[in-house]
Amino acid sequence: ETQAALEEETRARDELREQYAMSERHSNALHGELEESRQLMEQADRARRAAES
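Under the numbering used here, think of the first position of the sequence shown as 1, with each following residue one higher.
These are computed hints drawn from the structure, not numbers from a lab.
All values derive from a computational prediction rather than experimental measurement.
Watch out, some of these pointers could steer you wrong.
Okay, the calculated beta carbon distance ranges per label pair [said to hold, decoys possible]:
1. E1 <-> E24: 28 to 36 angstroms
2. L30 <-> E52: 31 to 39 angstroms
3. R11 <-> R49: 28 to 36 angstroms
Just so you know, even glycine gets a beta-carbon here, dropped at the ideal spot from N, CA and C.
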């Protein structure tokens with residue numbers, strides 16, 4: 001019984017670690033997309049200001 005509980009706890013911990021790793025990768029991907037969007041917006045704003053001058 002104790003062994004089964006330990007195995008279940010280990011399995012649950014491993015599953016949570018994998019979920020955390022997936023969330024971390026997703027977060028990093030979203031952060032990269034956000035930074036790219038910011039750069040594109042800054043470029044567009046600079047181009048707009050240059051066109052208005």
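When the hints from earlier in the document are held up against this structure, which numbers fail? Number 3 - this is the single hint that the structure violates.
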